[in-house]
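*Asks:* Protein sequence lines, in the order shown, are assigned to chains H and S.
The letter at position 221 of the first sequence is residue 221 when you use the numbering used here, and the numbering goes up by one with no holes.
With positions in the second sequence counted from 1, the corresponding number in the numbering used here is that position plus 1000.
None of these hints come from the bench; they were simulated from the model.
Heads up, a few of these hints could be off.
[Claimed, not checked] Facing chain S, a subset of chain H residues (Cβ under 7 Å, in silico):
(1) Pro-408
(2) Asn-425
(3) Trp-434
(4) Leu-436
(5) Val-440
(6) Ile-441
(7) Val-443
(8) Val-451
(9) Phe-455
[Claimed, not checked] Here are the simulated SDA-like cross-link-like pairs (lysine to any residue), alpha carbons at most 25 Å apart as the crow flies:
(10) Lys-1024/S with Lys-448/H
(11) Lys-1160/S with Arg-384/H
(12) Lys-1153/S with Ile-216/H
(13) Lys-1153/S with Thr-1302/S
(14) Lys-1104/S with Met-153/H
(15) Lys-1499/S with Lys-1153/S
(16) Lys-1102/S with Pro-391/H
(17) Lys-389/H with Tyr-1156/S
(18) Lys-448/H with Lys-1104/S
(19) Lys-1372/S with Lys-1480/S
(20) Lys-1480/S with Ala-1501/S
(21) Lys-1160/S with Val-451/H
[Unchecked claim] Quick list of the computed label-pair ranges, beta carbon to beta carbon:
(22) Thr-54/H with Phe-1019/S: 34 to 40 Å
(23) Thr-54/H with Phe-1008/S: 39 to 45 Å
(24) Pro-1232/S with Glu-375/H: 55 to 61 Å
(25) Gly-46/H with Gly-1151/S: 50 to 56 Å
A quick note: this is a predicted structure, and the numbers were derived from the prediction, not measured.
From the three backbone atoms N, C-alpha and C, an ideal C-beta is built for every residue, glycine too.
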Amino acid sequence: MPTPIKFIDFILVLPMLSLFLFSLIPIGLKVFQQKNHESKTDFVVGLALMGVFTSLVLLILFQGKVFYQGTFFAFSQALIFDRFTFFSTALCLVLSLLSLPFLLNHTTIRRSQISEFIFLYMNAIFGMSILIASNDLIITFIGLELMSLSLYMMITMNREPHASKEAAVKYFVLGSVASAILLFGISLVYGSAVMLSNGQIQTHYSSLVEITSQLISTDRIFIVGYALILIGFGFKISMFPLHSWVPDVYQGAATPLTLFMATAVKVASIVALARILMLGALEESFSLTSTLQWLAILTMFVGNLGALAQTSLKRIFAYSSVAHSGYILVSLIALAVDQTFFGTNTEALLLYLLGYGLFSVGTFGFLSFIERSPEDDINIDQLRGFFYKSPWIAVGLAFCLLGLAGIPPTLGFITKFYIFSSAMNEGFYWLVIWALINSVIGVFYYLKPIVYMFFYSSEEELPCTDYSFQKIIFLSVAFLSLAGGVLFPLFLN
Amino acid sequence: MMLSALTFLPVVFALLIIFNPQEKITSKLALVFSGLLFVLSLVLLYNFNPNTSDLQFVEKSAWIPQLGIQYFLGIDGISLWLVMLSNFLLPLVIIGSLKSIKVKVKSFYAALFLLQASMIGSFLSLDLILFYIFFESSLIPMALMIGIWGGDKKVYASFKFFIYTMFGSVFMLASIICLMLLNKSATGEFSSSVLDLYRIDIAFVDGRFFSTQTLLFLGFAIAFAIKVPMFPLHTWLPDAHVQAPTPGSVILAGVMLKMGTYGFLRFAIPLFPDASSQLSWVFSFLAVIGIIYGALVAMVQTDIKKLVAYSSVSHMGYIILGMFAFNEIGLTGGLYQMLNHGISTGALFFLVGMIYDRTHTREISAYGGLAKVLPIYTIFFLIITFSSIAVPLTNGFVGEFYILLGAYINEPFWGALAILGVVLGATYMLWMVKKVFFGATNPNLVAMNLKDITISEYCVLVPLVVFVFWMGIFPGHFLKYSEQSLSNLSNNINNYELKIADDFVKSKELITKTLKASH
Chain H
1 MPTPIKFIDF ILVLPMLSLF LFSLIPIGLK VFQQKNHESK TDFVVGLALM GVFTSLVLLI
61 LFQGKVFYQG TFFAFSQALI FDRFTFFSTA LCLVLSLLSL PFLLNHTTIR RSQISEFIFL
121 YMNAIFGMSI LIASNDLIIT FIGLELMSLS LYMMITMNRE PHASKEAAVK YFVLGSVASA
181 ILLFGISLVY GSAVMLSNGQ IQTHYSSLVE ITSQLISTDR IFIVGYALIL IGFGFKISMF
241 PLHSWVPDVY QGAATPLTLF MATAVKVASI VALARILMLG ALEESFSLTS TLQWLAILTM
301 FVGNLGALAQ TSLKRIFAYS SVAHSGYILV SLIALAVDQT FFGTNTEALL LYLLGYGLFS
361 VGTFGFLSFI ERSPEDDINI DQLRGFFYKS PWIAVGLAFC LLGLAGIPPT LGFITKFYIF
421 SSAMNEGFYW LVIWALINSV IGVFYYLKPI VYMFFYSSEE ELPCTDYSFQ KIIFLSVAFL
481 SLAGGVLFPL FLN
Chain S
1001 MMLSALTFLP VVFALLIIFN PQEKITSKLA LVFSGLLFVL SLVLLYNFNP NTSDLQFVEK
1061 SAWIPQLGIQ YFLGIDGISL WLVMLSNFLL PLVIIGSLKS IKVKVKSFYA ALFLLQASMI
1121 GSFLSLDLIL FYIFFESSLI PMALMIGIWG GDKKVYASFK FFIYTMFGSV FMLASIICLM
1181 LLNKSATGEF SSSVLDLYRI DIAFVDGRFF STQTLLFLGF AIAFAIKVPM FPLHTWLPDA
1241 HVQAPTPGSV ILAGVMLKMG TYGFLRFAIP LFPDASSQLS WVFSFLAVIG IIYGALVAMV
1301 QTDIKKLVAY SSVSHMGYII LGMFAFNEIG LTGGLYQMLN HGISTGALFF LVGMIYDRTH
1361 TREISAYGGL AKVLPIYTIF FLIITFSSIA VPLTNGFVGE FYILLGAYIN EPFWGALAIL
1421 GVVLGATYML WMVKKVFFGA TNPNLVAMNL KDITISEYCV LVPLVVFVFW MGIFPGHFLK
1481 YSEQSLSNLS NNINNYELKI ADDFVKSKEL ITKTLKASH
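So here's chain H without its partners, still in its complex pose (with noise of 0.2 Å):
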């Protein structure tokens, strides 16, 4: 039965509301204007941050409670509110907060339509925000299609004429097949829920984890389906056959949007994959779970092989993305067979999450602030002696790439070795092992802007931004990628 909507219910979407509002205050300006005068690029940006920050101290000061009083539901159970929630949502927002000011003079954005944009945006980490605390397919559907929808049209919004006018039509086309094929996995799941219990269950995720072990083995519908939203979900987090649109739209993406793509909307996809994962399908069924070994496996060789034979850096960072999506497969294969609720295994998928996170804003970051025109595309060779001119930024540049790789003494490191260890405890041994030798291989693409950097020399000038807020945000998710290796217990707290 529906439970009657209670004032607590307001109370823990206020960070999302205020997401909301603050997203119609720039719009709002421009439609009250004169002659749709366009406010300076600045200020609307600048309001945005303001709108994610307070999202996210409304989020510490009224969700920071779950710690203390376990789970909450709001909505009637359509959303869920514990640890696992609370960290992903502020994850998000701290990856999105740290992308934002990367709009900040860019080439691609075009200012006459920076209202909209940010609308967009704000909107984008709306959706974000509803998919990871979605407690119901439904629910998720929604937060998904949210988030998607804003970042077909933010694709568009470039100086760029054709590169990026293509890779939305892209995005857009296979991004609409895979919500389909979502939806239709979706219907199916709920179907034979529903008619397992003669329409007496309910459709969100806390009563699904009750039969889903005993339909997963009795009933075909159900397997179907739960593998059609696998693929819905493997479409967004760009799992092995259906990764392909990676490069082509990460490339053809304004590079700050690019970054918060690869960084805050990834996160968010793959946080509502394992909230699915963890109804506790794979540990009834043996072919599921290998099948997604095979594609985690495949999914690392792709990226990794891909990015060796790539020479933008844009296209080199991409495919290293579809990489880490394998690696953070094996971590959410682990998680889906012990679900020990909030245990290492979670943490260890939320913690590479993190450093995953803060390493891709210093690549594309670095991206974002090296361009000069719209239709740049910044080729490694560009990047010869670039340690000459710049140190420090090469510096930075180095550790976020070293970070990508898990070398130590970085944050990558700790947490490659944290999702890679409970994997182990999990019995997946062969799987960690072709994920190592994959790290291997990452190490070959990873090393090659380095070695452009640091060990050529080259006349050419490779100019970057005067743009100090942007560079200091660099510098420091860089030197956090350090000093994260060291301290890294902290995080854990």
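Fit chain S to the supplied structure of chain H, relying on the hints for placement.
*Replies:* This is chain S only, laid out in the frame that chain H set:
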């Protein structure tokens, strides 16, 4: 605090050098800092108690308690000399690089100190994860050193070095995680401290090639064998050595290669005693092949530095042979040879660097009759050559004698084959010496108006030569410190345990007691 200081002061020094605004005094600053470190290591040696095999100067505190990872440093007779060696070589390397490093001086010294920190850290850490972190961290500064200040093919060499070593250590990481899980299933708690891991029983089936213990051992062995490097995995070494700048080569040969052999001695052998004794024939075999192959390849080199690099492959083979003899004599020889190799090969690289700075060529054919042009240089070169080919009264003789004796006791066949290597070693070194220093003087050399050894070069070479003789004539002065540790290892190889020295335990108890009393 002593060990932490030795490990992390170099990091502080590296930062100080980077942020030091006066470019001019960089090298002086670096020299002072390295001197401080050396003095600190002498204090350590003075306070070290040689009459026990226990771990001393222990520092232990939880670091990542969820996974049982500790910040755990300690020193015993095995690691003591390696720490001393790298602290001894550092000031010499800095004096040696005053002339050869001209660009990016600050970054160079910073990289050198970071490298020092990671090497000392890996010799001192007794927690596997901590060890792994230090072990891997050493790659970055070394790769930078080769890549930025190296020769013509520096990029290739640096890349190869990094990938090779990284590839090996990844398997070690898998083994480490497995060990931690085994410890968890045995005791119920995660732990990565070697002291706990020595105790667990790892399943081993004799006669079967792949049991758990063998697989885990191989994971460690690949990492260390690449680092040493052992025969089929050695190909990165000649490239790295030839391309690296002189200081880089000295550190690489002098200390970094020892991280591999030390790894065998500290981790691979005592953690997996059954597997390592089962596979000891493989390692002895590869070691002997390495000895002979390295010597044969060195014989046909035309580049002096490459010749020294291949001689390194050959010498490292002796160390492995000694360690896999599994008796005290062999182990002693292995440890002693690590120090000898650090001193003699380090000195050889210094000498090659000095002559290269003068003539800008390393081709053997470009020389001839150098003894008449540079008499003092020739004397130094000859002394070091004798040390390298193990002439009695030099340090090399002691080490090789111990190793051959140990190998012979264990398995006469390997001992006999390795003696062949001694002859070959003398052949290629003396051949080279003959071609470079004696015979008709090459007129180009006379025309170049070369200067003999300068004061700063004396400062580098004299200490090394002193140690060549000191270690050759009075090996007891050095071996007495490691005797206890090595006999503990060889006598209890199947149930090896390390204890923490009493004074540390006592002080801990005292602290807990006072804390309780204050409550």
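*Asks:* The structure should be examined with respect to each hint, and the outcome stated for every one.
*Replies:* Going down the list of hints, with the structure as the test:
| no. | hint | in the structure |
| --- | --- | --- |
| 1 | Pro-408 | 4 Å, holds |
| 2 | Asn-425 | 6 Å, holds |
| 3 | Trp-434 | 11 Å, violated |
| 4 | Leu-436 | 5 Å, holds |
| 5 | Val-440 | 5 Å, holds |
| 6 | Ile-441 | 9 Å, violated |
| 7 | Val-443 | 5 Å, holds |
| 8 | Val-451 | 6 Å, holds |
| 9 | Phe-455 | 4 Å, holds |
| 10 | Lys-1024/S with Lys-448/H | 32 Å, violated |
| 11 | Lys-1160/S with Arg-384/H | 19 Å, holds |
| 12 | Lys-1153/S with Ile-216/H | 58 Å, violated |
| 13 | Lys-1153/S with Thr-1302/S | 17 Å, holds |
| 14 | Lys-1104/S with Met-153/H | 48 Å, violated |
| 15 | Lys-1499/S with Lys-1153/S | 47 Å, violated |
| 16 | Lys-1102/S with Pro-391/H | 18 Å, holds |
| 17 | Lys-389/H with Tyr-1156/S | 23 Å, holds |
| 18 | Lys-448/H with Lys-1104/S | 21 Å, holds |
| 19 | Lys-1372/S with Lys-1480/S | 42 Å, violated |
| 20 | Lys-1480/S with Ala-1501/S | 18 Å, holds |
| 21 | Lys-1160/S with Val-451/H | 12 Å, holds |
| 22 | Thr-54/H with Phe-1019/S: 34 to 40 Å | 38 Å, holds |
| 23 | Thr-54/H with Phe-1008/S: 39 to 45 Å | 41 Å, holds |
| 24 | Pro-1232/S with Glu-375/H: 55 to 61 Å | 49 Å, violated |
| 25 | Gly-46/H with Gly-1151/S: 50 to 56 Å | 52 Å, holds |
The earlier numbered hints that this structure contradicts are 3, 6, 10, 12, 14, 15, 19, 24.
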